[in-house]
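Line by line, the protein sequences are chains S and B.
1 is the number of the first residue of the first sequence in my numbering; add one for each residue after it.
1 is the number of the first residue of the second sequence in my numbering; add one for each residue after it.
If you're looking for bench data, these hints aren't it; they were derived computationally from the structure.
All C-beta atoms, glycine included, are put in the ideal place defined by N, C-alpha and C.
You may find that some hints are simply not true.
Cβ-Cβ distance ranges computed for the label pairs, FRET-style [stated by the list, open to error]:
{"id": "1", "chain 1": "S", "residue 1": "N70", "chain 2": "B", "residue 2": "R41", "range": "27 to 33 Å"}
{"id": "2", "chain 1": "B", "residue 1": "R77", "chain 2": "S", "residue 2": "P83", "range": "24 to 30 Å"}
{"id": "3", "chain 1": "S", "residue 1": "S20", "chain 2": "B", "residue 2": "Y51", "range": "35 to 41 Å"}
{"id": "4", "chain 1": "S", "residue 1": "S20", "chain 2": "B", "residue 2": "S40", "range": "24 to 30 Å"}
{"id": "5", "chain 1": "B", "residue 1": "R77", "chain 2": "S", "residue 2": "T7", "range": "32 to 38 Å"}
{"id": "6", "chain 1": "S", "residue 1": "E52", "chain 2": "B", "residue 2": "N114", "range": "44 to 50 Å"}
{"id": "7", "chain 1": "S", "residue 1": "H79", "chain 2": "B", "residue 2": "S68", "range": "46 to 52 Å"}
{"id": "8", "chain 1": "S", "residue 1": "E52", "chain 2": "B", "residue 2": "P115", "range": "32 to 38 Å"}
Listed below are the simulated BS3-like cross-link pairs for lysine-lysine, each with C-alpha atoms no more than 25 Å apart in a straight line [what the hints assert, rightly or not]:
{"id": "9", "chain 1": "S", "residue 1": "K53", "chain 2": "S", "residue 2": "K40"}
{"id": "10", "chain 1": "S", "residue 1": "K41", "chain 2": "B", "residue 2": "K107"}
{"id": "11", "chain 1": "S", "residue 1": "K9", "chain 2": "B", "residue 2": "K67"}
{"id": "12", "chain 1": "S", "residue 1": "K41", "chain 2": "S", "residue 2": "K53"}
{"id": "13", "chain 1": "B", "residue 1": "K67", "chain 2": "S", "residue 2": "K38"}
{"id": "14", "chain 1": "S", "residue 1": "K40", "chain 2": "B", "residue 2": "K102"}
{"id": "15", "chain 1": "B", "residue 1": "K102", "chain 2": "S", "residue 2": "K22"}
{"id": "16", "chain 1": "S", "residue 1": "K19", "chain 2": "S", "residue 2": "K9"}
{"id": "17", "chain 1": "S", "residue 1": "K22", "chain 2": "S", "residue 2": "K38"}
{"id": "18", "chain 1": "B", "residue 1": "K42", "chain 2": "B", "residue 2": "K102"}
{"id": "19", "chain 1": "S", "residue 1": "K41", "chain 2": "B", "residue 2": "K102"}
{"id": "20", "chain 1": "S", "residue 1": "K18", "chain 2": "S", "residue 2": "K53"}
{"id": "21", "chain 1": "S", "residue 1": "K40", "chain 2": "S", "residue 2": "K9"}
{"id": "22", "chain 1": "B", "residue 1": "K2", "chain 2": "B", "residue 2": "K102"}
{"id": "23", "chain 1": "S", "residue 1": "K9", "chain 2": "S", "residue 2": "K38"}
{"id": "24", "chain 1": "S", "residue 1": "K19", "chain 2": "S", "residue 2": "K53"}
{"id": "25", "chain 1": "S", "residue 1": "K9", "chain 2": "S", "residue 2": "K22"}
{"id": "26", "chain 1": "B", "residue 1": "K2", "chain 2": "B", "residue 2": "K67"}
{"id": "27", "chain 1": "B", "residue 1": "K70", "chain 2": "B", "residue 2": "K2"}
{"id": "28", "chain 1": "S", "residue 1": "K41", "chain 2": "S", "residue 2": "K22"}
{"id": "29", "chain 1": "S", "residue 1": "K9", "chain 2": "B", "residue 2": "K107"}
{"id": "30", "chain 1": "B", "residue 1": "K2", "chain 2": "S", "residue 2": "K38"}
{"id": "31", "chain 1": "S", "residue 1": "K53", "chain 2": "B", "residue 2": "K102"}
{"id": "32", "chain 1": "S", "residue 1": "K19", "chain 2": "B", "residue 2": "K67"}
{"id": "33", "chain 1": "S", "residue 1": "K40", "chain 2": "B", "residue 2": "K107"}
{"id": "34", "chain 1": "S", "residue 1": "K40", "chain 2": "B", "residue 2": "K42"}
{"id": "35", "chain 1": "B", "residue 1": "K67", "chain 2": "B", "residue 2": "K42"}
{"id": "36", "chain 1": "S", "residue 1": "K41", "chain 2": "B", "residue 2": "K2"}
{"id": "37", "chain 1": "S", "residue 1": "K22", "chain 2": "B", "residue 2": "K42"}
{"id": "38", "chain 1": "S", "residue 1": "K38", "chain 2": "B", "residue 2": "K102"}
{"id": "39", "chain 1": "B", "residue 1": "K70", "chain 2": "B", "residue 2": "K42"}
{"id": "40", "chain 1": "B", "residue 1": "K42", "chain 2": "S", "residue 2": "K19"}
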Amino acid sequence: DTEVTQTPKHLVMGMTNKKSLKCEQHMGHRAMYWYKQKAKKPPELMFVYSYEKLSINESVPSRFSPECPNSSLLNLHLHALQPEDSALYLCASSQGPQGSRSGNTIYFGEGSWLTVV
Amino acid sequence: QKEVEQDPGPLSVPEGAIVSLNCTYSNSAFQYFMWYRQYSRKGPELLMYTYSSGNKEDGRFTAQVDKSSKYISLFIRDSQPSDSATYLCAMSAPPWGGSNYKLTFGKGTLLTVNP
């Protein structure tokens with residue numbers, strides 16, 4: 001079983017709704033990620049937090065707002081989404097930039113299936 | 001030319017067959033190579049991780065990296081129906097961290113192992 005836990009597993013939201021996806025890891029990892037995956041495509045990086053600071057924002061629209069309250073938690077706040085934002089949203093973590101070679105390994109959660117109606 | 005090329009398949013084999021999955025890449029800076037298995041409607045699961053060149057074995061799975069040819073492989077011996085999934089190769093370059101947290105994925109190969 002993955003040690004990266006995501007909630008909810010499924011979410012249906014209207015285009016005017018505000019919702020949040022949550023992610024938690026207890027592996028002591030210092031880097032956490034949000035990826036988006038559409039059907040039959042590989043995951044696409046959205047955001048990276050390193051030591052609780054936003055390290056990478058892959059030009060993601062502002063209707064997606066990440067938050068890292070502490071080193072174990074990562075949230076993705078959703079507002080005014082479009083139907084084309086429907087996808088599997090994956091949280092992931094890795095040891096971080098100063099780790100050993102194995103620190104480059106990224107571990108994924110099971111994902112949150114988002115449907116925007 | 002894409003940075004990572006992976007044949008999307010689909011690949012269908014009988015139970016017990018040896019499966020060979022491959023990726024080629026163009027970025028000679030890649031040093032870290034991973035294989036992920038993704039079941040339908042689930043998140044990717046890390047199968048194998050290799051740093052630089054060489055072979056790594058874990059049970060029925062063997063990962064090979066040939067940096068001179070820019071070619072990586074995943075072999076599955078005695079394949080089982082439970083191995084039916086999409087297999088994604090992924091790789092990254094040092095230095096790890098800062099702006100370089102990116103994994104570059106292949107498109108994934110859909111494998112079906114028939115009983």
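Verification of the supplied hints:
Separation of S/N70 from B/R41 is about 30 Å and conforms to the stated range, judged on CB atoms against 27 to 33 Å. For B/R77 paired with S/P83, a C-beta distance near 44 Å fails the hint of 24 to 30 Å. The supplied range of 35 to 41 Å is met by S/S20 and B/Y51, whose beta-carbon atoms lie about 36 Å from each other. Between S/S20 and B/S40 the Cβ separation comes to about 26 Å, which falls inside the hinted range of 24 to 30 Å.
Range check, B/R77 to S/T7: Cβ separation about 37 Å, and the 32 to 38 Å hint holds. At about 47 Å, the beta-carbon gap between S/E52 and B/N114 stays in the expected band of 44 to 50 Å. A C-beta distance of roughly 49 Å is found between S/H79 and B/S68, which places it inside the suggested range of 46 to 52 Å. Checked against the hint of 32 to 38 Å, the pair S/E52 and B/P115 fails, with Cβ atoms roughly 48 Å apart.
Restraint check for S/K53 and S/K40: the C-alpha separation of about 31 Å exceeds 25 Å, so the hint is violated. The suggested pairing of S/K41 with B/K107 holds, with an alpha-carbon distance near 6 Å, which does not exceed 25 Å. As the CA atoms of S/K9 and B/K67 are separated by approximately 39 Å, the hinted pair breaks the 25 Å bound. About 28 Å separates the Cα atoms of S/K41 and S/K53, which puts this hinted pair outside 25 Å; it is violated.
Of the pairs offered as hints, the one joining B/K67 and S/K38 is violated, with about 30 Å between alpha carbons and a cut-off of 25 Å exceeded. Distance restraint check for S/K40 and B/K102: the Cα-Cα separation of roughly 20 Å lies within the 25 Å cut-off, and the hinted pair is therefore satisfied. Of the supplied pair hints, the one linking B/K102 and S/K22 holds, its CA atoms being roughly 21 Å apart against a limit of 25 Å. Of the pairs offered as hints, the one joining S/K19 and S/K9 holds, with about 13 Å between alpha carbons and a cut-off of 25 Å not exceeded.
Only pairs whose Cα atoms come within 25 Å are accepted, and S/K22 paired with S/K38 is accepted, the gap being roughly 19 Å. Of the pairs offered as hints, the one joining B/K42 and B/K102 holds, with about 21 Å between alpha carbons and a cut-off of 25 Å not exceeded. Of the pairs offered as hints, the one joining S/K41 and B/K102 holds, with about 16 Å between alpha carbons and a cut-off of 25 Å not exceeded. Of the supplied pair hints, the one linking S/K18 and S/K53 holds, its CA atoms being roughly 23 Å apart against a limit of 25 Å.
Among the hinted pairs, S/K40 with S/K9 is consistent with the structure: their alpha-carbon atoms are about 19 Å apart, no more than 25 Å. For the given pair, B/K2 sits about 15 Å from B/K102 by alpha-carbon distance, which is consistent with the 25 Å threshold. Between S/K9 and S/K38 the alpha-carbon distance is near 16 Å, which keeps this suggested pair within the 25 Å criterion. Pair hint S/K19 plus S/K53 holds up; C-alpha atoms about 22 Å apart against a cutoff of 25 Å.
For the hint pairing S/K9 with S/K22, the CA-to-CA distance comes to about 10 Å; that is within 25 Å, so the pair holds. Restraint check for B/K2 and B/K67: the C-alpha separation of about 17 Å stays at or below 25 Å, so the hint holds. A hinted pair counts as satisfied when its Cα atoms are at most 25 Å apart, and B/K70 with B/K2 qualifies at roughly 13 Å. About 23 Å separates the Cα atoms of S/K41 and S/K22, which keeps this hinted pair within 25 Å; it holds.
Of the supplied pair hints, the one linking S/K9 and B/K107 holds, its CA atoms being roughly 24 Å apart against a limit of 25 Å. Pair hint B/K2 plus S/K38 holds up; C-alpha atoms about 19 Å apart against a cutoff of 25 Å. For a cut-off of 25 Å, the pair hint linking S/K53 to B/K102 stands: about 16 Å separates their Cα positions. Of the supplied pair hints, the one linking S/K19 and B/K67 is violated, its CA atoms being roughly 45 Å apart against a limit of 25 Å.
Restraint check for S/K40 and B/K107: satisfied, since their Cα atoms lie roughly 8 Å apart, inside the 25 Å limit. Between S/K40 and B/K42, the direct Cα distance comes to roughly 12 Å. Compliance with the 25 Å bound is thereby established for this hinted pair. At roughly 31 Å between alpha-carbon atoms, B/K67 and B/K42 are farther apart than 25 Å, so this suggested pair is violated. Distance check on the hinted pair: S/K41 and B/K2 sit about 15 Å apart at the alpha-carbon level, within 25 Å; holds.
Restraint check for S/K22 and B/K42: satisfied, since their Cα atoms lie roughly 16 Å apart, inside the 25 Å limit. Restraint check for S/K38 and B/K102: satisfied, since their Cα atoms lie roughly 18 Å apart, inside the 25 Å limit. At roughly 29 Å between alpha-carbon atoms, B/K70 and B/K42 are farther apart than 25 Å, so this suggested pair is violated. With a CA separation close to 21 Å, the supplied pair B/K42 and S/K19 stays within the 25 Å bound.
Of the hints listed earlier, those the structure fails to meet are numbers 2, 8, 9, 11, 12, 13, 32, 35 and 39, in rising order.
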